[in-house]
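S.K.: Spelled out, the chains give:
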Amino acid sequence: MSRTPGASTRTDARPAPAAGPAVTTAVDPAWRPALSPGIMLRRDRVREADLLVLPERVVVLTGRAADIVRLCDGRREVAAIVGELADRFPGAPVPDEVPAFLARLREQGWLR
Amino acid sequence: MSETPQRPWALLAELSHGCPLHCPYCSNPLELVRRSAELSTDEWCEVMRQAGEFGVVHTHLSGGEPLLRVDLEQIVAAADAAGIYTQLVTSGVGLTEDRLGSLVDAGLRSVQLSVQHADPARSDRIAGHRAFAAKERAAALIRAAGLPLGVNVVLHRDNLDAVDAIVDLAVAWDAERIELANTQFYGWALRNREALLPSREQLARAGAAIERRRAELAGTIELVWVMPDYFDGVAKPCMGGWGAVSLTVAPDGTVLPCPAASVLPDLDPPNVRDRSLEWIWDSSPAFTRYRGTAWMPEPCRSCPSREIDFGGCRCQAYALTGDAARTDPACALSPDHALVRAAVDAPRDTAAPTTEPLPLAAPGQRARASAASVPYVYRTPAAGRRAP
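Respectively, the protein sequence lines represent chains X and V.
Residue numbers for the first sequence follow the working numbering, so the first one is 1 and each next one is one higher.
Residue numbers for the second sequence follow the working numbering, so the first one is 1 and each next one is one higher.
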């Protein structure tokens, strides 16, 4: 193969923490988010962390991010995801933060 | 090392050093592993099982050409069962619709396809094999199967002037990522350094073109450009640190901190046939030798960048100075930096590329682009055994 040792991707499997939701993008409540092709959500038992594994990168999901992404199955609408999480985490700012978080993952190309 | 090191994230599995291509910058060692010495199916499956249990979450299934392994599907399935994300790194030669279908069924997640040039004849000349048409077909199959496609191109003197056309090609092939990595000079590439080393002007032109295209394509395709350390005076953080992020398993089961490290003398690399991956990573002399910063000489030892570049590349230090423990000569602070400057500043033909049709040499022969250019030493088992 033609790959050169030392090229950046060889070591790309490095964690990059997902930052907290910041952008407030308008999100269609009828959107049914799903992981983009080639992206895997998995529990890492060795590091006791939840990971999004991409073709060239590993993203460590922090806080409640994995609880949100796990509901992105392509069947649930955003409104349903928000409802479920609001039930599960009473008092949390779910309606404000979850749609913005989903929008940010879509901007990254991780959700569609 | 007193404390237990962080677990590795990634495994580069060099499934076979066999390859239909003969690229003169191949990252495989000069001493290629024979097919008869390769790990068996069961041994590779066991490697994947141990790797998953040990914390590896990502594997590049590479080579040589990994499609030459008729049991590739079983190896993919074993990795997937171990929770490891699988990416195939291929020349595209031998990737049929049926083969790709069975790999996807086994759990394959994504594919990285190598390209040598945007122009078919030039691509074939660099590869030493008529492979371009197969690559084009492979790209279409990969996208039709719904897999993410990455296109990787090793850049050098004979394709740096074509980066615009290469980006166009990757866009046309519907890639989601293009990796443009400038050649790193050890192994095959060091043997071909005179033919491959670009001029500063070429690099500057290519860098400007990349910046322009990256702005144009923002949000649609990821464009990765790896600046060559020979030219910018900054040592690269090779492998993200020795034994820090990833490990390489060679076709015969030898385990290395980086794919080029087999050239280092006295490394005595461990083998999965003898030891567990856990022992190899945590305790083997090969993996602990340059881990961390305690091994470093000056100027690295007191350098504020020591945990950013980790002293650069051990293989490059060895290749250029004969001592793998010296500061990487690519670093402008290295007492050996003049070695790199001498190579970079040597006069060479910086004319724009010729447009004449290029002859394609058979593997083992030497191709000649024009009377002024330096011929390639193509990657072949016989050429690897010959002294430079």
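It is worth saying that the hints were derived from the structure and are not from the lab.
This one's a predicted model, so the numbers in the text were calculated from it and none came from an experiment.
Some hints could be false.
What the hints assert, rightly or not - Derived contacts from chain X toward chain V, CB cut-off under 8 Å, selection only:
id : residue
1  : 35
2  : 37
3  : 38
4  : 60
5  : 64
6  : 67
Said to hold, decoys possible - Output of the computed footprint for chain X on chain V, the stretches with three or more beta carbons under 8 Å from beta carbons of chain X:
id : region
7  : 81-88
8  : 144-150
From the three backbone atoms N, C-alpha and C, an ideal C-beta is built for every residue, glycine too.
S.K.: All hints, please: hold or fail.
M.R.: Hint by hint, here is what the structure shows:
Interface restraint check: residue 35 of chain X against chain V, minimum CB-CB distance 11 Å, threshold 8 Å, status violated. The interface hint given for residue 37 of chain X holds, since its Cβ lies 5 Å from the closest Cβ of chain V, which is under the 8 Å cut-off. Interface hint status for residue 38 of chain X: upheld, as the beta-carbon distance to the closest one in chain V is roughly 4 Å, under 8 Å. The beta carbon of residue 60 of chain X is not positioned within 8 Å of any beta carbon in chain V (closest approach about 10 Å), and the interface hint is therefore violated.
With a least beta-carbon distance of about 21 Å to chain V, the hint placing residue 64 of chain X at the interface is violated under the 8 Å criterion. Interface restraint check: residue 67 of chain X against chain V, minimum CB-CB distance 20 Å, threshold 8 Å, status violated. Coverage of the region 81-88 of chain V by chain X holds [criterion: at least 3 residues with CB-CB distance below 8 Å; count 3]. Given as covered by chain X, the region 144-150 of chain V passes the check, having 4 residues with a CB less than 8 Å from a CB of that chain where 3 are the minimum.
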